[in-house]
Structure formats: C-alpha cells, structure tokens
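K.L.:
Listed below, chain by chain, are the residues.
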Amino acid sequence: MNTEALKDLLYKMADDQLILGHRNSEWTGFGPLLEEDIAFSSMAQDKVGQSWQIYKLLNELGESDPDTVAFMRNAEQFHNCQLVELPNGEYDFSLIRHFLFDTAEMIRFNHLATSSYAPLALLAKKIKGEIKYHTMHANIWVKQLGSATEESIIRLQTSLDSAMPYALGIFESSKFEKELISEGIFRGEETVKSEWLTQVKSILEHTKLTMPNIETITPVFGGRYGKHTAHLQPLLDEMSEVFKEDPTADW
Amino acid sequence: MILKSLDPRVTRLSIELSPDESSVAKDGLDQFETYEAFVQSKEGKPFEHAGPVHAPNEEMAFLFAKEQYSRRGMFCNAICVIKTENIKVSEYTDNGQDIYNLVTDHPSGNENESFEIFHLMKRGKQHKHEGSVLAKDFDDAMAMAKKEFQSDKPVFNVWIVKSAHIMASEDEDKDIWDTLKEKQYREATDYKAADKIKAFKENQA
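Just so you know, the sequences run in chain order B and R.
Going by our numbering, 138 is the number at position 138 of the first sequence; the sequence numbering is gapless.
In our numbering, each residue's number is its place in the second sequence (first place is 1) plus 251.
Derived by calculation from the structure, the hints in this document are not laboratory data.
Treat the hints loosely; a few may be bogus.
[As the list claims (entries may be wrong)] List time: in silico DSSO-like cross-link candidates among lysine-lysine, alpha-carbon distance up to 30 Å:
1) B/LYS244 x B/LYS132
2) B/LYS143 x B/LYS7
3) R/LYS432 x B/LYS128
4) B/LYS56 x B/LYS143
5) R/LYS334 x R/LYS387
6) B/LYS128 x R/LYS387
7) B/LYS132 x R/LYS387
8) B/LYS132 x R/LYS339
9) R/LYS379 x B/LYS132
10) B/LYS193 x B/LYS132
11) R/LYS434 x R/LYS339
12) B/LYS128 x R/LYS398
13) B/LYS143 x R/LYS255
14) B/LYS244 x R/LYS443
15) R/LYS425 x R/LYS449
16) B/LYS56 x B/LYS201
17) R/LYS443 x B/LYS132
18) R/LYS387 x R/LYS432
19) B/LYS128 x R/LYS293
20) B/LYS56 x R/LYS425
21) B/LYS175 x B/LYS7
Small disclaimer: the values here were computed from a predicted structure and weren't measured.
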C-alpha cells in the first residue's frame, strides 16, 4: 500500500473535521435558538471525535500523537480545504457551509466504507450514523429556510453564492488520486464531486434557492497544499492556547 | 455603547447597543404551534411522552425533538412527533379510579381507521404507548381501547391519536443515535482533579 498517498488522504480529511469542528463549537452559547446551539455543539464534538480517530490512524502509520499533530502545527502544515476555516459569519453562512460540507462528507465516507485500507473502512462504518444525522439536520434546515420568508431565502442564496467557490475547493485533487484509486483506498475526488453536485441540486430543488452555475465559478484551491486564508492561523492559536501553556501536562 | 458581557466572546463581537431596541413592540403572538415528542429508549419498548416542542412543521419538530429529548449511545432507538392539537385527551380520574370505567362498553365495530392509544398509569409520570385499535372515531376508539386494554391496574388518563398523524423516525435511520464510543476528552470523569484541588487547598491554608 502506498503509505504516502494514504497519509495525504487521512491528513486532509482529519484536518477538515478538526477545523470545522472548532468552527461549529464557536456557536456554543450563540445559536439562534436553543436547539441549534445544542445541534452545532454536538456536531462539533462529533467532528473533533472523528478527526481524533483519523489522527490515531496516522499515529499508527508513524506520525506524531494526535494532540501534537492537532495543536503543534502551523497553518501552512494543515491540509484542510479553505471552506472549513472561513469564519462562521451569520447563521445563514454557517448553515450553508454545514450543508455543502457534510453532503460531501457523507458521500466520501460511504465510499470509504469499502476502502481497501481496512481501518479506514471500519471507521467509516462506525461514524455513518453521525454523518447521516449531520446531513439530515442540514437538509431539513435548508429546505425550511430556503423556502420560508423573503429574508431567509435571500440570506441563504447570498451565502450559497459566496460559499460555492470554496465548496468546490473540497474536491481539489491530491498528488495521489491515481494511486488511491488504483489501490482501492479511495474512489477519488472527482467521483465524490459528481455525486455531490447531484445531491446538492436535489435538495435545492425543494427550495426557492438557485444552484449557482458551477461552470462559471473558479474553485478556491490551495488548502490541500497548505495555502490558507488569513483566518486559519488565529483559529489555530486559539484552539491550541491551553495546550501550549504546558505541552507536557498530563490531562 | 458597546455590549459588555462576562463571556469575552460576546464582548469581542463589539455589539452596538441601541437604546430604543427594547421599546419596539412585538406584533401579537409569534410562537409556532406545538408538537408532542415521544421517545422509544430501546427496541421493543413502548414510546413514552418526553415533552413538547414549538415548530413550524413536522420535520422541524422532529429535529427539535431529537436535539431536546433524545440522547445518543444506548439511550434512544426511535422518536416520533405528533401535533398537539391532534391528540384527543380523555378526562382525568383520581383516587385509583379507572378512566375506562367511565367509558361505554360498546364499540361500534366499524373499523375504518387506526388509532394509537397512550396510557397514564401514575400521576406525574409520562404517557406510554399501549397499542393501536381500529375504530370509526375518537369515542369509538376509546370504547375499543377499553375492550382491548382495560386491566386490573387503573388508567388515569388516555391520549388517542390517529395513526396517520404520527411522524416517526424510520427504522433504517436508527443509527443516527449511534456515536463513537471513544470520546474520553468530553467526559468530566476523565479529568481527575480531586487530588490536585486538595493539594491546592492545603497549600492555600
């Protein structure tokens, strides 16, 4: 098995989950209503938990332990897509990002459930229920607010338009697409993307929202190769603040 | 003036306080309708009333009920929501009197529609799903329920709802209550601080 290709895949997925998990946790205490406060906080814990599992797989492949990997890297060492590091903005943006990202996540892990790398296939099966609920949650909210009032529709449409170039950045090809596909580890970003487009459109059809014309959009790439917005480093500084006080402390 | 809070995250948002915001009158009631949420804790156990949620529709009620009344892990197998106005509530009895003793013994035998029956067996407890009956209307369903479900134990109150008015989670979706077990980092029990606190207090003394 091509370990370099595998590590690259694991890093980008775990980093996506950790960073979005942290962003989701920023809704704790600020949700627009109590149930959403709880929902985003609980999804935050799921995402961080999922990233921890993947960092543990990386650890078994020879990388540093999960805490070190999560807290001691700088922004340019992270492989997450830029979509997940963008600030929460208002609830409409967070909801749209959650919808676009988790739809891709569900498709990705459905594929990984049959990965030739057995530990990853096992993990994909374990977190199927969590991800299913995340998409159920996102879909119901998008359907609701995407056809509720003039304000809610305009807000979601604006967020959808501004998030879409970043969302397409989820599917930035890695250096190892061919190897991952030929070794049966992962079916590749292009496959996930084409299913994702179908799924996103099918939910938007239940709303008054318009799918942006993706042919005319330039995807925001770079995240997978360590190129990030100015928003990531402050997030990492805050996330690792306590850990860096005393990295040797036993929690 | 900027809103100041004990939560530094709030203060950081620099929210401008507008002096007259509190005096803006609300137009009428703007609350959503209520739905009652029921939780099934384990496969085969009866659905039990958990509480109400306010929501604009059934799907949203389902989400809110899931967040508010269900816990993952081994604590939930399914939930359902029913619009409160669709639940027919019987009279309440007291002093050990069985509500079914106040009900006619003669169902019509017209079995047109399915109704679900919920029993209150102890004041202060939750209504639990008892079973379903076929009947032509609510009164008839009550008579059928008496025939089917009356026992030695008195029932203090009955809720009846048309089966068609229930939105329940799908059996294939019960995995939404699964969660990764390895989440030590969020368990308070993992922070073994008692000794440190004791040592700190001794130092302070």
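K.L.:
Does each hint fit the structure? Answer for all of them.
P.N.:
Cross-check of the supplied hints:
1. B/LYS244 x B/LYS132: With Cα atoms ~35 Å apart, B/LYS244 and B/LYS132 exceed 30 Å; violated.
2. B/LYS143 x B/LYS7: Violated, at about 37 Å.
3. R/LYS432 x B/LYS128: 13 Å, holds
4. B/LYS56 x B/LYS143: Violated, at about 36 Å.
5. R/LYS334 x R/LYS387: 20 Å, holds
6. B/LYS128 x R/LYS387: Not satisfied, since the Cα-Cα distance of roughly 43 Å exceeds 30 Å.
7. B/LYS132 x R/LYS387: 39 Å, violated
8. B/LYS132 x R/LYS339: Given pair B/LYS132, R/LYS339 is violated - Cα atoms ~34 Å apart, limit 30 Å.
9. R/LYS379 x B/LYS132: Between R/LYS379 and B/LYS132 the Cα gap is close to 29 Å, so the pair holds against 30 Å.
10. B/LYS193 x B/LYS132: 18 Å, holds
11. R/LYS434 x R/LYS339: 43 Å, violated
12. B/LYS128 x R/LYS398: Not satisfied, since the Cα-Cα distance of roughly 44 Å exceeds 30 Å.
13. B/LYS143 x R/LYS255: 36 Å, violated
14. B/LYS244 x R/LYS443: 20 Å, holds
15. R/LYS425 x R/LYS449: Distance ~44 Å between R/LYS425 and R/LYS449 Cα, so the pair is violated.
16. B/LYS56 x B/LYS201: Violated. B/LYS56 to B/LYS201 sits at ~35 Å, over the 30 Å cutoff.
17. R/LYS443 x B/LYS132: Answer violated: R/LYS443 to B/LYS132 is near 34 Å, above 30 Å.
18. R/LYS387 x R/LYS432: With a Cα-Cα distance of about 48 Å, the restraint between R/LYS387 and R/LYS432 is violated, given a limit of 30 Å.
19. B/LYS128 x R/LYS293: Cα-Cα ~20 Å, so holds.
20. B/LYS56 x R/LYS425: 27 Å, holds
21. B/LYS175 x B/LYS7: 12 Å, holds
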